[in-house]
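Asker: One letter stands for each residue in the lines below.
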Amino acid sequence: MIYTACIALFVVGLYGICCKKNLIKIVLGFIIMDYAVNLFIILIGYRKNGIAPILDKTMDVNKFALNSVDPMPQAIVLTAIVIGLAVTALMVAVCVRIYERYGTFDITKIRKLKG
Amino acid sequence: MERYIYLILLPLGGAFIIAALNAAVKSRDTRNITADILANLITLATAGIALTSFGINGSYSVGGWPVPLGINLAADGFSILMLATVNTIAFCATLYSINYMDQYTSKRHYYSLFLLMLTGMNGVLLSGDLFNLFVFIEIASISSYALVGFGTEAEELEASFKYMVMGGIASTFILLAVTILYSSFGVLNMANISQAISVSSQTPLLKFSLFLFIAAFSIKAAIIPFHAWLPDAHPAAPAPVSAMLSGVLIKTLGIYTMIRIIMNIFAADVSILAPLGIISIMIGVLLALGQTDMKRLFAYHSVSQIGYIILGISLGTPLGILGALFHLVNHSIFKSLLFLNSGAVAYRLGTRELNDMGGLNKVMPITGGTSFIASLSIAGMPPFNGFFSKLIIILACVQAGRPGFALWAVAGSILTLSSFMKVQKFAFFGKLAEKHKQIKEAPLMMSISVVILAVLCIATSLLVLPKVKNIVLQPAVDAVLAGAEYAKIIR
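Protein chains in written order, with my numbering: chain B, 1 to 115; chain P, 116 to 606.
Among the hints, a few may not be true.
[As the list claims (entries may be wrong)] In the BS3-like style, the derived pairs of lysine-lysine whose C-alpha atoms are separated by at most 25 Å in a straight line are:
(1) P/LYS550 with P/LYS537
(2) B/LYS112 with P/LYS141
(3) B/LYS112 with B/LYS21
(4) P/LYS537 with B/LYS21
(5) B/LYS48 with B/LYS63
(6) P/LYS550 with B/LYS109
(7) B/LYS20 with P/LYS277
(8) P/LYS277 with B/LYS25
By construction, these hints were calculated from the structure, which means they are not laboratory data.
Everything numeric in this text was worked out from a predicted model, so none of it was measured.
Bound-form chain P, shown alone:
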């Protein structure tokens, strides 16, 4: 169980060491290379720890203080699945940053903020204490606000401010809700609160705090009525950060926390989320269709795909949750791949406008090929991973007696396909413009990173095989379905 503490300690320590490199290393180039190597080693180590942790449940009391006096870390199937996803994507993003971040002036500040964001996310996934959860959410959020505005151009700052205000309101709601729970029960430990709620009556105060939690996490997850910040913030960030934000941050801070609190702590009815899911799917994809900025289009698709996850969760059946969690893993892989590809295109062409591209397959075959795989995955084409998870969600809708929902999900999937056909046609197929003839393939590290993700796009479709599913996905589904049984993990 001690292994999980390193998922928080390694990136946290690394962040401060990299920030302090200034004092130790004089030359600017050596400093950048040291930062590169350190950050990549740390993310490689955390990815290694997370990927070998399947099946190791349990809890760990920080500082040796027993629950409920001290803070504890708790890992069950769901958090382990999320940890594996987050740390794998983080490794690919740092690998990609080695070449990509050369365009920016301050590489080590970037790595420092990036590792802090990773610390926050790992902390959120492991925390077994509500206030600690809030603190880690804030660590991840504050570093992501700074990373969105990292380029300090006009648009980036504007997006960062917008994100900061929305995120700040959400965080205040979370803090208020946590304190309301504390005032009701006098404990902050998630397991103890869960036990206390299961025996207490549903007072208006409890309902109010549940409402605050849902509102706050909907803002963090960018579900449709609260999505306004996402299409600005995600395109404004540097490409590897967009990949992290769209790929894992909204899921960790939004979806994971929402599921944990609604299903494991309050054990409340989740069907209220279904309309939000449907609206997100449809409006997200319709808004995406009209975009010509590549990254903005991808950002709207994040809103739409989050809708699928919420829809699957809201069914509350084992199959629905299986589909939702599977789609969560898949979406983080192909959406980060798409953002990294758009970054590679922007790195070579200097533009994200689809109308200025065309025929890039001829000069950037790796980027073109991997983005083709990712596009087919997100549009739900077999044999890629997106097909299986969407199929499971649609089947779950029918099985739960909601064929109407299934119809909306299929419609959303068709519109997604059409919008990605637009991306492929404008950017990678068609005629190559004369001025783009000299363009070269993206640098080595960027190519390696996107190839890893493209292989994962195909490899994760193996998760539907019963043998693999029972190791990776099933414990997560069981953990979510266990409801208030979650409390038993604390010893």
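So that you can see chain B by itself, here it is in the shape it has in the complex:
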């Protein structure tokens, strides 16, 4: 169920990138798509009623392995969020500069390149 929501979010983002005519909306579509993937990564490691993946000396190793959530996707998602932030920041910066040059966010009017 929640995986379906994740895919729906991904498709919404892709739709935003493909069909919207405003630069900012395209950036928002990209962010939504990025977050859909981040959500997907977190869901992989999720376990219902799981415990934090920190092994205490008092715990039994086998019981720990059965109950804890997977820490790897959490490490991955942190990196993915940081990378997403970098791309988004650069995109917004370029959008601002494009607005300075063209005076518009409408991609149908930003067409100096063709052929």
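Given chain B's structure and the hints, the job is docking chain P onto it.
Answerer: This is chain P only, laid out in the frame that chain B set:
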């Protein structure tokens, strides 16, 4: 094996030192000169390490954590061949930048981004871990997005945004595919995944992730249905960056990763790529014929030449892969030479429009001569390198029982020749316009850099000799053909 870590550490450290020069050095001129010297020393060092590494295979665990707990770097014949190409081109491009980047205001930011891009590419080639591969792809991509828009003129920003959106979608696909693989096998190490796939059944989930990988790397490599960003982005960048993008970036992020993942990890059938290759060859060259902007014409030729590489790979035979990898090396040399030449012309004339040029051979003999060599190479004229690699690809098509493919490859080559005859006739031969009489040859460093590449154009044709081939190309071909045997490199 420790030597390979320096290929990542040197440019990464250099990038941050150069970015921080602001604090240490007060005068603007000294700052630029320091940045020049530092960047060139670093690329010279990485090129030296990469070029002396032939035959040194192995893997290295970063931080001493053994596989599969830690991250590892792995080098086999294929990555070593790519590393040598990438770092040589990077050295020529930085040498060229010393004079060329004087036109722009912020030289040290340029070098900083350039070295980050180099870090990303070296990392992609060495990474033995899928998520790490994604991170390095992103380092290289993000710095290349910024470099494409470096001039901050209207066209450059537009091209940069287009490239960024396409590249961003591709990166998201890669991340999704990597996580799907992780959810299936619980490891991220490429060798371990490769072993796991070879014993597991082909579930729909695995096929979906392979599909995502192919789509994403096709966008990064600009194979035809996904090529829309390339003809905008490559001409918009400063000339040395165009040379890096067209010469090595699309090959590292697109072709290398695609081959590694399809053939070494999934060990899947590659013949599906053949139609993509043919379409890229033909449509790329036909679109190039109609261009009058010099750099845009070269960019369309990149699409077309990538088609040759894909065609060679898709045959899956030893000869086809040999031809493809040989063409990959050659294309990075002559295409970066062509872009550097177009930069030299633009530096002196201030235009890239072919109709405004003419007779430049009289005033810019070095640029004219080297671009003549590069044009003959890309068009496949003997004795230059492009002839041999195209010949091998065509022979491989016939040998694999696909004479139809060979015919398309020959047709593409003839059209390439005609389009480069157009470039030579409009730009370098013919009558010199009165207003261009005062033009001088390109500055010293730019000339040295293009001469090095022109010599390499002739020198790399020696790679067909069996003795040289066995050292340089054959280990790469063996590494690609080994398929899932790749896993054995990890100790």
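Asker: Which hints from the list above does the structure break, by number from lowest to highest?
Answerer: Failing hints, ascending: 2, 4 and 6.
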